[in-house]
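Novice: Sequence:
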Amino acid sequence: MTAIVQVCAYLLLLQTLSTILGKIYNANRLHLHPFFCFDAIVVRERASWEEALEHCREIHSDLASVTSQTDMLLIQAELDKSPFTEHVWVGLRFFPGGWRWTDKEHDDIDTSDILGTNDTLVGVSLGRTDFWQESEWEVHDCEQRLYFVSTSKMFSK
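Residues -22 to -1, 1 to 135 (mature numbering (1 follows the signal peptide of the UniProt record, and there is no 0)) are what the sequence shown spells out, left to right.
I should point out that these hints are in silico values taken from the structure, not numbers from a laboratory. Wrong hints could be hidden among the right ones.
Stated by the list, open to error - Here are the simulated distance ranges between beta carbons: (1) Ala55 x Gly75: 13 to 23 Å; (2) Gly75 x Arg22: 27 to 37 Å; (3) Arg35 x Arg123: 17 to 27 Å; (4) Glu29 x Arg78: 30 to 40 Å; (5) Pro61 x Lys82: 24 to 34 Å; (6) Phe73 x Glu116: 17 to 27 Å; (7) Ser130 x Glu29: 29 to 39 Å; (8) Lys59 x His33: 18 to 28 Å; (9) Arg35 x Glu121: 30 to 40 Å; (10) Lys59 x Arg24: 31 to 41 Å; (11) Arg22 x Pro74: 27 to 37 Å; (12) Pro74 x Asp17: 13 to 23 Å; (13) Arg22 x Glu121: 17 to 27 Å.
Every residue gets a Cβ at the ideal spot worked out from N, C-alpha and C, and that includes glycine.
Sequences and hints are given; from them, build the entire structure.
Specialist: Next up, the structure:
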């Protein structure tokens, strides 16, 4: 029998003179802290961006939103377990008017400085050029067939 370990993280905010610093700590369920838990699922099935979005919404929750360093680290940890080094779709897409995350919770985050602007419908992928390198963002035609990362929000408090 395989034991399933649920990993949660909570954010501890420390207020300094003019800066708020966030620190992430591992927590078990016995600690009473504000926390969030979600699964990042690397789907090893090639799909267009739209097909990936549909799959994630039907089976999990959504395509992954990578809107913080914490999100990046959690998703990168899942990618590190995967045998491939290709790019994977995430839930960021350029629509007329600008970049939008599929979860609609992070529309206030400006990604144009990272990704520029575009006149066509393109999606963004996340990946590594080799197994040990840091993540990199790339813009792809939404019809390109890539693996993708879904998220499943388990709960938050």
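Novice: All hints are to be evaluated individually against the structure, with a verdict given for each.
Specialist: Results for each hint:
Ala55 and Gly75 have their C-beta atoms about 33 Å apart, which leaves the hinted 13 to 23 Å range violated. For Gly75 paired with Arg22, a C-beta distance near 33 Å keeps the hint of 27 to 37 Å intact. Separated by about 18 Å at the C-beta atoms, Arg35 and Arg123 satisfy the suggested range of 17 to 27 Å. Checked against the hint of 30 to 40 Å, the pair Glu29 and Arg78 fails, with Cβ atoms roughly 18 Å apart.
Checked against the hint of 24 to 34 Å, the C-beta distance between Pro61 and Lys82 comes to roughly 33 Å, which is consistent with it. Taking 17 to 27 Å as the suggested C-beta distance range, the pair Phe73 and Glu116 conforms, at roughly 18 Å. Taking the beta carbon of each, Ser130 and Glu29 are about 18 Å apart, not inside 29 to 39 Å as hinted. Range check, Lys59 to His33: about 20 Å between beta-carbon atoms, so the 18 to 28 Å window is met.
For Arg35 and Glu121, the Cβ-Cβ distance of about 19 Å falls outside the hinted range of 30 to 40 Å, so the restraint is violated. Distance hint check: the CB atoms of Lys59 and Arg24 are about 19 Å apart, inconsistent with the given range 31 to 41 Å. Restraint check, Arg22 to Pro74: a C-beta distance of roughly 32 Å satisfies the suggested window 27 to 37 Å. A hinted range of 13 to 23 Å for the beta carbons of Pro74 and Asp17 is inconsistent with their spacing of about 32 Å.
As the Cβ distance of Arg22 to Glu121 is approximately 19 Å, the hint placing it in 17 to 27 Å holds.
The earlier numbered hints that this structure contradicts are 1, 4, 7, 9, 10 and 12.
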